[in-house]
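Number of protein chains: 2
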Amino acid sequence: MSVNADLQKERAAATLDSEDFARWWAGGSSQLEERRALDRRFYDDPDFVEPVHPSCLSYKERYEQTIARSTRFLAKLRQWQREKQPQLDLSVNMLRDFRLLLSGSLGTGLFQQSFPLRVHFSMFMTTLLSQGTEEQQAQWLNRSWHMDGVLGTYAQTELGHGTFVRGLETRADYDPERQEFVLNTPTQSSYKWWPGGLGNTANVAIVLAQLYVKGKHYGLQSFLVRIRDESTHEPLTGVDVGDIGPRLGGNGVNNGFLGLHDVRIPRTQMLMKNAQVLADGTFVQGRPPLLLYGTMVYVRVITLKDVLFGLLQAATIATRYSVVRRQSRIDGDQPEVSILDHVTQQAKILPQIARGVSYRLVSEWLWRFYEQVLRQLEDEGRGGVNSLPELHALSCCLKAVATDEASQGVDILRKSCGGHGFLSSANFDSIYGLTAAAYTYEGEYTVLLLQTARFLIRQYVESLKRKVLPYSVSYLRDTSRLVWGKNLTANCVRALEISAMEQVRHAWQTQKTHQSKASAEMASNLSGRQLSSCAVAHAHAFFTRNALDELESLRKQGALSPDVSLILGQLVELFVFDTFLRQSGCVLRWNNGINGTQLRFVERRYEELLAKLRPNAVALVDGFDFHDRVLGSTLGCYDGRVYERLMEEARRNPVNQEPVNSSFHKHLLPMMRGKL
Amino acid sequence: MSVNADLQKERAAATLDSEDFARWWAGGSSQLEERRALDRRFYDDPDFVEPVHPSCLSYKERYEQTIARSTRFLAKLRQWQREKQPQLDLSVNMLRDFRLLLSGSLGTGLFQQSFPLRVHFSMFMTTLLSQGTEEQQAQWLNRSWHMDGVLGTYAQTELGHGTFVRGLETRADYDPERQEFVLNTPTQSSYKWWPGGLGNTANVAIVLAQLYVKGKHYGLQSFLVRIRDESTHEPLTGVDVGDIGPRLGGNGVNNGFLGLHDVRIPRTQMLMKNAQVLADGTFVQGRPPLLLYGTMVYVRVITLKDVLFGLLQAATIATRYSVVRRQSRIDGDQPEVSILDHVTQQAKILPQIARGVSYRLVSEWLWRFYEQVLRQLEDEGRGGVNSLPELHALSCCLKAVATDEASQGVDILRKSCGGHGFLSSANFDSIYGLTAAAYTYEGEYTVLLLQTARFLIRQYVESLKRKVLPYSVSYLRDTSRLVWGKNLTANCVRALEISAMEQVRHAWQTQKTHQSKASAEMASNLSGRQLSSCAVAHAHAFFTRNALDELESLRKQGALSPDVSLILGQLVELFVFDTFLRQSGCVLRWNNGINGTQLRFVERRYEELLAKLRPNAVALVDGFDFHDRVLGSTLGCYDGRVYERLMEEARRNPVNQEPVNSSFHKHLLPMMRGKL
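Chains as they are written, first to last, in our numbering: chain X, 2 to 677; chain F, 2 to 677.
Among the hints, a few may not be true.
Each pair may be met inside one copy or between any two copies, as identical chains are not told apart.
[To be verified] When the alpha-carbon atoms are kept at most 27 Å apart in a straight line, the in silico DSS-like pairs for lysine-lysine are as follows:
| hint | residue 1 | residue 2 |
| --- | --- | --- |
| 1 | Lys518 | Lys613 |
| 2 | Lys676 | Lys77 |
| 3 | Lys77 | Lys667 |
Think of the hints as simulated: they come from the structure by calculation, not from any bench. Treat the numbers as computed from the prediction; the structure is a model and nothing was measured.
From just these sequences and the hints, can you work out the full model?
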């Protein structure tokens, strides 16, 4: 198939070798080759071709097609895994690798809006592993892995309760006589709501409920509840279950609701690794779950990776389209130019690429930090681990700010493609839906920021006592003023740090002022704007500082080819400048030493970087090596046949399969004849 | 039906009388009553109940249901109009009133994603009126009004050409022998793409094409082209027509594509009011269309009204939901609070209401300005009208900035509703889709800003020559520095004006610098960031200044009750502060007189306003008087039965109509038994 001539020219003229970049981006040659082999195996398989674009299907049809595809996919993926690694050890790490396959590039390529069985391998099996006793694992784990009669989901959030977990209403009352728990969702607002796969797919749910024994409350516990019959799939007695309906994104997930009315389960189906109810009803509190924090952090690190993936999908589509699309003349009677030649267009696209790549560097660091804390936890227990609050606080604000900026970025990229970006066949809507969902799930934006702010204020108070602070907040102790030196990126990062420090101080003072007139809680509420702002500022300071540090360390390790090192340098620099300029309100407010002069330096350098990156833009996005199926976009394919694909996709639409739609004779003709 | 208790309390405690506000908002008692009567007539009509939520339908089903509903709607609406006004004069104004019915509150309530026949009454009939000769109007207009065999659309944009109109490729060659035009879309990229209703509905299109007579090019002209047979609706020979497929929003529009291959039309079907082709092929250029600018401006004013409507729909939903939703405790052992009691939540919602209301004030002014220019045009011709460039430039940047801020606002409001805001049944996705579309259609954001910037720079250069400048840019001459006085809003507006003036100057200087090394066009390209920034700054300065002026003038006219005057004052003030704080980067950069001290004053007052507005939030959104059907949201209904409606909507979903989906036996069971 011929490639668009403008794209060919771009590729021929680039100085960056996209294969070189691709190897580094994939983590090495073998990782790149393995992924490509997997791509070929699945994307060339006729079982996974979609005859109709999913956006044309009804919600029910979409569910049915997703189930057909996901069952075939899981069967073939496990076949592949058996070939690769015949002896499987059913461990946390193995499960993690498998999940990465489901949710990474391959999962995205086959299921642009995700699929219902993913949560079985993520939350359901993870919880079994972390909260089940050995006996429970022996009974459930192997069957779950083989999906032998078990299709699981994880039901925590309720219609009326999300963030404030203590407010959950679902209850489990222990009946010592029959040695059973009786589960109930006593109100409308206590119906479980949101669990993935719950709607029509799962037959077992891990249900979070308030435990009561003899009327006494023992807090939230997890219960394994069979909700549908293993053979007939009929909902069991007392179970009221269904799908919660279409959403802005992730429409393949089959999110469901669940009402429980006197549903009984055996005592052995409370997950009892951390707390037990004995046969007679005695409640035994074990040690609190050490890794609970760990799991939350893990999810946030993964979310950071997910959203930068989405951002770079969108950036790849927009970059290629912006070369193919020609619009308006710049010079005299020359033909219309590629829109990427407009500086305003470069300023929409290139900073998003820089952001995605910089997030990638930070996410690698965060992952190592997470693993290090995890090892400490395993070795020394909670007592020996000072880094846990830091890790927690950092993962909160990085997840919040990254999901916010990435979803805004996807939107900017969509808009940069004009009207065509608005079409579902361009796929920005799916990418946006998933990225935007991450803003809320696993910790809502503002809630996470307020958690980070609490940590920052504690650390700031420590700094006033001259205590040594952890790495990520050590700048809070540095009260020196900004010295604007020759190194522009260093200046910018330092200015962002000062701005963050001053905002932490400001939030602390605001809170103190309010405390003189109100309770501590009310004072925190009244300082909500200042608290969340300081957490955002901290995230910006950390993202820029850490991306620079990581780049430096990769260079020192000799991990980068000269080409990759050069372009990464440009991208991280652009990211720093872009962050600095976007935060100029805070930077100017909190740094006496900065005014328009410094901003102009940065802007000039920012525009120079746009010009430097412009010729390598296509080679760079080629280097992310997204398969066309992963992009899923008429505008972003490798061959740049944009207009052809737009037309092909339109012609495939079922509404175009008959020259005259039935509604003409039923409605339009009678109306035109005045018969209505 | 019982109303949620928390909402009841809010209403009882409000100091604002929402009926009082509603009367003012609607433009008077009689307007309010007429709208409510119309609401009752249509929303109580069983013909317009939707048995299935449109988000659950397939694209094709959705089209068919929309046609069924829109034909019934048009028939009944015209019946109503006949009752109201038996003698109809088919004029521009009458058509405008009818269109307002179709696209305003009623049209939204019945068609959340719009509908295909709207473009017949808007672009199609408007163009007939403005570009058709009297004979052409006699032949086509009455039939069009009665949809007697004529269902029209307007086909300008092509697959490969949008903004740059001169680049359109569709051509019309005159054949003097047969006195016909021969229309062709000679390439893939010249296919018409986007026209509303074109897909499966329209049978006549006004096609914009490059006119050629005997090989000579005479620019773009408009042609009436029948594309489908009047009785059978089959596409005519040489016509390739269909729907372009699903989109982020406005999925009821039936946007289509159109290829023309040697399609012949009689000479009389070129719209010849402004230019003629005589029978022998002689081309006669008439006077250029005076009102063309006017139409473009008209559309932008309407767009401003449309997006503030969407923003306030979203704000109403979010406000009511935020009272009903309880989450987290503020004080000790008290129950969880309404999330609207969190200051962070108030800061998400109340400024959006303030923005929508302030836009409303500005849109009224802009409308009057538009009408005034139009009258001048009619009275004196183009020569007498100095205000045309100002009106054009102003409408460009106001449309661009308003659509950007409103779509961001809708997104913030959606996110303020957490996970539930993500559900299609909450309706934020539809509202966002329509608002976001406006960012691009009828003038793309950046393109419009650059047009305004050109005007601003011209005016700035005039100011250097001490010329008097028009009202909206008169501040460009005022070089006095900011004096921070007692009136905070006046300070903020003046600071925004200075910031805008300095940015215009900066853009002008940047352009001049580049001009020393590049062509004028390339210099403009290289100054693209500065140019678009100054246009944004101008829009902010104008929006705030004009909203304050309008409020003042309404007060002077005695047009406001004390209640309405008070709350409008608070809202406009909040809008000014919010704009100022969001633009703090520019404000600090370009105003020497402002630093953190002034920002703190503004922030304190901003938070005081949140606290003042909080108790009236529900009464205020009640005063917008959106019918529940117009909101179309499970979260936003007047009665606040949020959880009940979420469940009801979920239970209606076709995927929940059978306890076991067919895919279980086909796919899940075989997989669980290892048979895949």
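Hint check:
no.: 1; hint: Lys518 with Lys613; in the structure: between (55 Å within a copy, 18 Å between copies)
no.: 2; hint: Lys676 with Lys77; in the structure: between (57 Å within a copy, 12 Å between copies)
no.: 3; hint: Lys77 with Lys667; in the structure: between (47 Å within a copy, 17 Å between copies)
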